[in-house]
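Trainee: Next come the chains, spelled out residue by residue.
2 protein chains.
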Amino acid sequence: MESSIEKFTREKKYSKETLDFLSKHIETKTIKKGTVLQKNGDTTINAFYVKKGLLRTYIIDEKGREHIFTFAPEGWLATDVEVLTKQASATLFIDALEDSEIEVLGEKLFTETGKLSTKLLSEEVGKLIKRINTLQKRILMLMSYSALDRYEEFLKTYPQIVQRVPQKMIASYLGITPESLSKIRSKK
Amino acid sequence: MESSIEKFTREKKYSKETLDFLSKHIETKTIKKGTVLQKNGDTTINAFYVKKGLLRTYIIDEKGREHIFTFAPEGWLATDVEVLTKQASATLFIDALEDSEIEVLGEKLFTETGKLSTKLLSEEVGKLIKRINTLQKRILMLMSYSALDRYEEFLKTYPQIVQRVPQKMIASYLGITPESLSKIRSKK
DNA sequence: CGTGGAGTTGAATACGATCAACACCGGTGG
DNA sequence: CCACCGGTGTTGATCGTATTCAACTCCACG
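These protein sequences, in sequence, are chains R and F.
For the first sequence, my numbering assigns the number 154 to the initial residue and increments by one for each residue that follows.
For the second sequence, my numbering assigns the number 154 to the initial residue and increments by one for each residue that follows.
Think of the hints as simulated: they come from the structure by calculation, not from any bench.
It cannot be assumed that every hint is accurate.
Copies of the same chain look alike in the list, so a pair counts if it works inside one copy or between any two.
Here are the simulated lysine to aspartate or glutamate pairs, EDC-like style, with alpha carbons at most 16 Å apart [as the list claims (entries may be wrong)]:
| # | residue 1 | residue 2 |
| --- | --- | --- |
| 1 | Lys185 | Asp302 |
| 2 | Lys216 | Asp302 |
| 3 | Lys290 | Asp214 |
| 4 | Lys205 | Glu180 |
| 5 | Lys336 | Asp302 |
| 6 | Lys290 | Glu215 |
| 7 | Lys290 | Glu235 |
| 8 | Lys261 | Glu180 |
| 9 | Lys283 | Glu235 |
| 10 | Lys192 | Glu254 |
| 11 | Lys268 | Glu305 |
| 12 | Lys216 | Glu305 |
| 13 | Lys290 | Glu219 |
| 14 | Lys185 | Glu332 |
| 15 | Lys239 | Glu276 |
Just so it is clear, the structure is predicted and the values come from calculations on it, not from any experiment.
Please build the complete structure, drawing on both the sequences and the hints.
Mentor: In C-alpha cells, the structure reads:
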C-alpha cells in the first residue's frame with residue numbers, strides 16, 4: 154500500500170513546508186510477525202500507520218489476561234492516545250500479528266500540530282471524529298448486546314479480519330473467553 | 154459559566170474572521186430539565202456545549218432499555234458523532250438532567266472546519282484525542298473490570314456527577330441493572 | 001393525603017467464566 | 001518418515017456474577 158507521504162506528495166494537496174514537516178517525522182519500517190512496537194509503561198509515543206500487514210493493540214489486566222482493544226489492518230492507525238493526553242505512560246501494548254510494513258509517526262506530529270496546514274488539520278479532525286464514532290459503537294455494543302450479538306456484528310463489520318486472526322483473539326476483542334466463543338459458534 | 158465565544162473573544166486568541174464564523178453558528182439557549190435536544194433518527198446535528206447544568210446522551214435498545222453513553226456537566230460537550238461521519242441519522246438521544254444553559258453548535262462548525270484557524274483546529278485535535286482516550290478507558294473497563302470495580306472507578310472519576318443523578322442512571326452508565334448496583338453497594 | 005418513581009431485598013434464572021479433558025493440526029527434530 | 005510437541009479449538013461439569021421478576025419501603029411532589 155502506498156505510504157501517506159507518497160500519497161500526499163502525489164496529490165499535491167499540501168505545501169512544501171507541510172510535506173517536509175511530515176517526512177521528517179515519518180519513518181517506514183518492515184517488521185516481522187510478533188514484533189512488539191510498544192509496551193505497557195513506554196513513555197515515548199508513536200503512532201503506527203499500517204501499509205501492509207496487521208497490528209493489534211491490547212492491554213494485559215491485573216489477572217494477566219489479554220484484552221484486545223483494536224485490530225489495525227492495512228490503512229489503519231494503531232496508537233495509544235494515553236501518552237498523548239497526559240504525562241502518563243502507555244497502557245496499551247502494540248504488536249504485529251503478521252509480517253508488516255508500517256510507518257512510524259513521531260510524537261511531534263501530534264504535539265506540534267500548529268505547524269500543520271489547515272487543510273491537513275481539518276482532515277485529521279474528520280478522522281478523529283470517525284474513530285470516536287467507532288469507539289462509541291463499541292461501547293454501546295458492550296453495554297447492550299449479548300456475546301452472540303457482538304460476535305455476529307463483528308463478522309459483519311470486519312469480515313477481512315476474521316480470516317486472519319485466531320478465534321481466541323476475536324474472543325479477546327469481544328470481551329469474552331475463547332471457550333465461550335467456541336460454544337456460541339457451535340449453537341448457530 | 155462563561156461561553157466559549159466570550160472566552161475566545163476575551164483571550165484575543167483568534168482572528169475576527171474566525172470569531173465571526175464561530176458566532177454565526179453558535180447559539181446560546183436556556184433549557185428546562187427533561188428537554189430533549191436530540192432523538193434517535195434526527196438528521197440535523199448539533200453539538201451542545203454545557204455552560205451550566207447537566208446533559209446526558211444515551212441509546213434505547215431493541216428491548217426498550219436505556220444505556221447512558223455520557224454525562225455532560227459544565228464545560229463538557231454532548232454530541233452524537235454518528236451523523237457527522239456518515240449520512241446516517243442519529244443513534245443517540247440527548248436530554249437535560251437539570252435546568253441547563255447551553256450553546257448549540259451548528260453542523261457547519263464540524264463540516265466546514267477548513268474555515269477555522271490553525272490554532273483553533275489544533276486545539277480541537279487535542280480535545281478530540283482526549284475524548285478518544287476517555288472512550289478507550291471506558292472500553293477497557295467494560296472488558297476487564299467487574300461491575301463493582303467499574304462502580305468504584307466511577308465514584309473516583311466523577312464524584313461531582315454521583316451527587317446529581319439518580320443511582321439507576323449510574324447503573325445505566327456502568328452497563329448493569331439498577332438492582333445489581335443496589336446489591337453491589339449493600340455489600341461494601 | 002396519596003400516587004408514582006427510586007431504591008432495596010429476595011428467589012429463581014440465565015449467561016458467561018473457570019477448570020479440566022481431549023481432538024486436531026503444523027512444525028520440529030530424531 | 002514418523003514421533004513428539006505446543007498451540008488452537010472443542011466439549012462438558014461446575015461455579016459465580018449479574019439479570020429478571022416480584023414485593024415492599026421510602027420519599028418528593030402533586
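Trainee: Each of the hints needs a verdict: does it hold here or not?
Mentor: Hint check results:
1. For a Cα distance limit of 16 Å, the shortest separation of Lys185 from Asp302 qualifies neither inside one copy, at 34 Å, nor across copies, at 37 Å.
2. In the homo-oligomer, the alpha carbons of Lys216 and Asp302 lie at most 16 Å apart only across protomers (14 Å), although the nearest pairing inside one protomer, at 26 Å, exceeds that limit.
3. For the homomeric pair Lys290 and Asp214, the shortest alpha-carbon distance between copies (12 Å) is at most 16 Å, but the shortest distance inside one copy (23 Å) is not.
4. Taking the closest pair of Cα atoms, Lys205 and Glu180 come within 16 Å of each other only inside a single copy of the chain (14 Å); across copies the shortest separation is 46 Å, beyond that limit.
5. For a Cα distance limit of 16 Å, the shortest separation of Lys336 from Asp302 inside one copy, 14 Å, qualifies, whereas the shortest one across copies, 27 Å, does not.
6. Taking CA atoms no more than 16 Å apart as the test, Lys290 paired with Glu215 passes between copies only; the shortest distance there is 15 Å, against 26 Å inside one copy.
7. In this assembly of identical chains, the alpha carbons of Lys290 and Glu235 lie at most 16 Å apart only when taken from different copies (9 Å versus 20 Å within one copy).
8. Taking identical chains as interchangeable, the C-alpha atoms of Lys261 and Glu180 lie at most 16 Å apart only when both belong to the same chain, with a minimum of 13 Å there against 35 Å between chains.
9. Only between protomers do Lys283 and Glu235 lie at most 16 Å apart by alpha-carbon distance; the minimum there is 8 Å, versus 18 Å within a single protomer.
10. Proximity of Lys192 to Glu254 under the C-alpha cut-off of 16 Å is found in neither arrangement, the shortest distances being 19 Å within a copy and 43 Å between copies.
11. Proximity of Lys268 to Glu305 under the C-alpha cut-off of 16 Å is found in neither arrangement, the shortest distances being 43 Å within a copy and 41 Å between copies.
12. Taking the shortest Cα distances, Lys216 and Glu305 never come within 16 Å of each other, neither inside one copy (28 Å) nor across copies (18 Å).
13. Taking identical chains as interchangeable, the C-alpha atoms of Lys290 and Glu219 lie at most 16 Å apart only when they sit on different chains, with a minimum of 15 Å there against 21 Å within one chain.
14. In this assembly of identical chains, the alpha carbons of Lys185 and Glu332 never lie at most 16 Å apart, being 29 Å within a copy and 49 Å across copies at closest.
15. In this assembly of identical chains, the alpha carbons of Lys239 and Glu276 lie at most 16 Å apart only when taken from different copies (15 Å versus 24 Å within one copy).
Violated hints, listed in ascending order, are 1, 10, 11, 12 and 14; each of the other numbered hints is respected by the structure.
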